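Now for the letters of each chain:
Protein chains: 2
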Amino acid sequence: MPRLKLSNRARQTPPSPIRRLAHLAERAKKDGKSVYHLNIGQPDIHSPVEFFDAVRTFSDPVLAYDRSQGNELLCRVWADYMNRCLGLNLSAEQFMVTMGASEALVFLFMTCCDPGDEVIIFDPTYANYIGFAAVAGVTLVPILSDLEHNFALPSYEKIEAQITNRTRAILLCSPNNPTGTVYSPEEIQELLAICEDYNIFLVVDETYREFVYDGLEPFSVLQLAPGSRRVIVVDSLSKRFSLCGARIGCFVTWNEEVLATTLNIAQARLAAPTLEQAASAHMLQTVSDEYLSRVRREFEMRRDVLFQALEQIPGMMAYKPKGAFYSIVQLPVDDAEKFAMFLLSEFALDGKTTFVAPASGFYMQNGRGQNKVRVAYVLESHELEHAVAVLRAGLEAYPGRTE
Amino acid sequence: MPRLKLSNRARQTPPSPIRRLAHLAERAKKDGKSVYHLNIGQPDIHSPVEFFDAVRTFSDPVLAYDRSQGNELLCRVWADYMNRCLGLNLSAEQFMVTMGASEALVFLFMTCCDPGDEVIIFDPTYANYIGFAAVAGVTLVPILSDLEHNFALPSYEKIEAQITNRTRAILLCSPNNPTGTVYSPEEIQELLAICEDYNIFLVVDETYREFVYDGLEPFSVLQLAPGSRRVIVVDSLSKRFSLCGARIGCFVTWNEEVLATTLNIAQARLAAPTLEQAASAHMLQTVSDEYLSRVRREFEMRRDVLFQALEQIPGMMAYKPKGAFYSIVQLPVDDAEKFAMFLLSEFALDGKTTFVAPASGFYMQNGRGQNKVRVAYVLESHELEHAVAVLRAGLEAYPGRTE
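Each protein sequence line maps, in turn, to chains A and B. Just so you know, we're using this note's numbering here: the first sequence kicks off at 2 and counts up by one. Just so you know, we're using this note's numbering here: the second sequence kicks off at 2 and counts up by one.
One or more of the hints may lead you astray.
Mimicking EDC-like on lysine to aspartate or glutamate, the simulated pairs with C-alpha atoms at most 16 Å apart in a straight line are [said to hold, decoys possible]:
| no. | chain 1 | residue 1 | chain 2 | residue 2 |
| --- | --- | --- | --- | --- |
| 1 | A | K6 | B | E257 |
| 2 | B | K6 | A | E197 |
| 3 | B | K6 | A | E257 |
| 4 | A | K159 | A | D118 |
| 5 | B | K6 | A | E347 |
| 6 | B | K6 | A | D118 |
| 7 | A | K321 | A | E301 |
| 8 | A | K323 | A | E301 |
| 9 | A | K30 | A | E347 |
| 10 | A | K6 | B | D115 |
| 11 | A | K6 | B | E258 |
| 12 | A | K6 | B | E197 |
| 13 | B | K159 | B | D147 |
| 14 | A | K6 | B | E27 |
| 15 | A | K6 | B | D118 |
| 16 | B | K6 | A | D115 |
| 17 | B | K323 | B | E397 |
| 18 | B | K353 | B | D115 |
| 19 | A | K353 | A | E384 |
| 20 | A | K159 | A | D124 |
| 21 | B | K34 | B | E258 |
| 22 | B | K6 | A | E258 |
| 23 | A | K323 | A | D305 |
| 24 | A | K323 | A | E161 |
| 25 | A | K34 | A | D305 |
Since the hints were made in silico from the structure, they are not lab data. Since the model is a prediction, treat every value here as computed from it, not as a measurement.
From just these sequences and the hints, can you work out the full model?
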């Protein structure tokens, strides 16, 4: 049979740096090793019992389609939740429920950009943005933020220099995945000013909004620009409520045209899952504020434990992040991907090894991040300590160590 | 504030003909009318209790991400299910679980086609294919099948005449939505021959595979071409098990390159919903064959009831379909969309009205289907009879009737 050519865009979609070494982890497990997963933002935190209560008591005998724009009650209670936490005045009509923040971002790329249009992002970036852009035919324009400056946002001038007549939006993940950076209201106000000056959208992925530490308070770009038709917030229940598997996200905006236009795309895929939407609505109405405070304290403690352990590693360099649950960690190796593979395939300490995500996959600019990894501190403290001990011992045993 | 331009592709994505009059139905309900929904393929059949059993007994305290290619058990039992029903020899590795057949089709458009590439479809077509193609930048090339010939597939020569050097695939829905047509193995063999002659993919959406009547047996294109790397089947649990709201679909193929390439796209969106996948796996393992036979008998009876009622309408013309649960019905009106709006907004019989989908939205070729509607016989018999009685009375009262 002659070869059947696949599309260039699909062949150019990079594998996820978070998942592409997964087969090595599976093999390690089959070989009897246990693996500490610091590669993926999958917390071990128990999901709220209120979610499972609603799942168990779902009584409709037909699992029918919900509305394309999202379950009506869920939109309402999500608005209530954000209004309560952030002092906003959102209404249900401004919400579009999506299958995770992922689908929200794909929808927004489709709605705001034609193929070849550009979106400015900051490097390193959440790797899946690269995949969404590839399928949507959108050109991401990366602007470097660097470890030496705690991944602070570049200046107005540096960003301005990258704007062309194809630029449609700036996309920011705040608090940041993969760096853990929390941006100040002033920094985000500056981004908003650029977007106003150049009449482009500001899309902020606030999946980690509540995960801020050291006394910081959750903050949304919506607080800066009430009523703005330029601002679109992407949100998700995945991390906040440890509901990664529910695949419930949304975007929220005051821009009715964006909502109406995206609805046509949303109608083609019919609807997000019914059961998860119903359970999420019940959960948002009934979960106590204490759930989130407890989770936040837990992650803050884990961050401290992680950094105490990391600081024991000679040649390690990292910035102690103030948000989310990731950190970009520079290691004394030339090629962090090879080191990550070494850990999975050739190393174990007491039958255990550690899975970290090579940071190069989070950089769009070639050659960046090659001596760095992304660490997700999603395990409990004593496991984190062990995981870093494995990493440290692995470095000592690694032939490619640079010092 | 200056206007923020949205993308041309989003503005060109048509609203779903199934859902775009939904606001009129909502208003009718608010005005106290009850509405028979024949517009949407949302069956009233109870979902299998085995699905809800698994939902209720889900005991993992963390609702975590599943694998990007789909829950391992679900892939295995879906293969078992198809092997048992169709005498095939599929393995779990050939499956990619998706969020409904919708996501499978978007993935395949992305993987098989670059923007501007062409896919041949048959007009009328499942309207959402038009939406998927719009977001994927794929040009659908429609070839007319007509009511007068029971929507049979066009000849080899007619199809061949539409193939260009941009054609990447033929896409068929079999049994067909919106026409209810069941194609013979010989007709599908002919399509396969064209795809072989021109080295393109054959994608068959078999969402309605088990819904065949008059003694016909379920049939899959996979039976015709075991091992073929050219054939891709899209499948879904939505209709077969009345699980529309679960959003669980898949595609299955012997083409490892398609699976591996699509996996990079699938990884970017992380995974399909965990709970629905686990519940679907349990359901497929435990649901009795009697469930599906009963559902099939029920729809066959409804079809007969629908047609008995339709035949009382003067000037009506329709083909009694042998599969799925739709029919394209020609009515004595010039503009079926106006008539559908009239039914929702201006008409009621004993406080009730009927919602039908204007067929023009299922035709890509302009001006086709304007005097036709798509009817989904998804309600129980006495409701269907009432719904058609409303339609008939509505036609009598409609000022735009053509005879």
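Sort out whether A/D124 lies within 16 Å of A/K159, counting only the CA atoms. holds, 13 Å
Against the 16 Å threshold, does the CA-CA distance of A/K6 and B/E258 hold or violate the hint?
holds, 10 Å
*Going straight from one Cα to the other, do A/K323 and A/E161 come out at no more than 16 Å?*
Violated, because 27 Å separates the two Cα atoms, which is more than 16 Å.
- Restraint check for B/K6 with A/E347, where alpha carbons must lie at most 16 Å apart: violated, 53 Å
- request: Would you mind confirming whether the straight-line C-alpha gap from A/K6 to B/E197 stays at or under 16 Å?
  value: Holds, at about 14 Å.
**Prompt:** Taken at face value, is the distance from the CA of B/E397 to the CA of B/K323 at most 16 Å?
**Reply:** violated, 29 Å
Agreement of B/K6 and A/E258 with the hint, judged by alpha carbon distance not exceeding 16 Å | Holds - the C-alpha atoms of A/E258 and B/K6 are around 10 Å apart, at most 16 Å.
Are the Cα positions of A/K321 and A/E301 separated by 16 Å at most? Holds. A/K321 to A/E301 sits at ~11 Å (cutoff 16 Å).
- Query: Regarding the pair B/K6 and A/D118, is the alpha-carbon distance no greater than 16 Å?
  - Reply: Between B/K6 and A/D118 the Cα gap is close to 12 Å, so the pair holds against 16 Å.
### Task
Mind checking the alpha carbons of B/K34 and B/E258 for me, to see if they're no more than 16 Å apart?
Violated - the C-alpha atoms of B/E258 and B/K34 are around 53 Å apart, more than 16 Å.
Notebook entry, point to check: Is A/K30 within 16 Å of A/E347, Cα to Cα?
Noted result: holds, 13 Å
Worksheet item: Hey, A/K323 versus A/D305, does the alpha-carbon distance stay inside 16 Å?
Response: holds, 11 Å
Comparing the model with each numbered hint stated earlier shows that hints 4, 5, 14, 17, 18, 21, 24, 25 do not hold.
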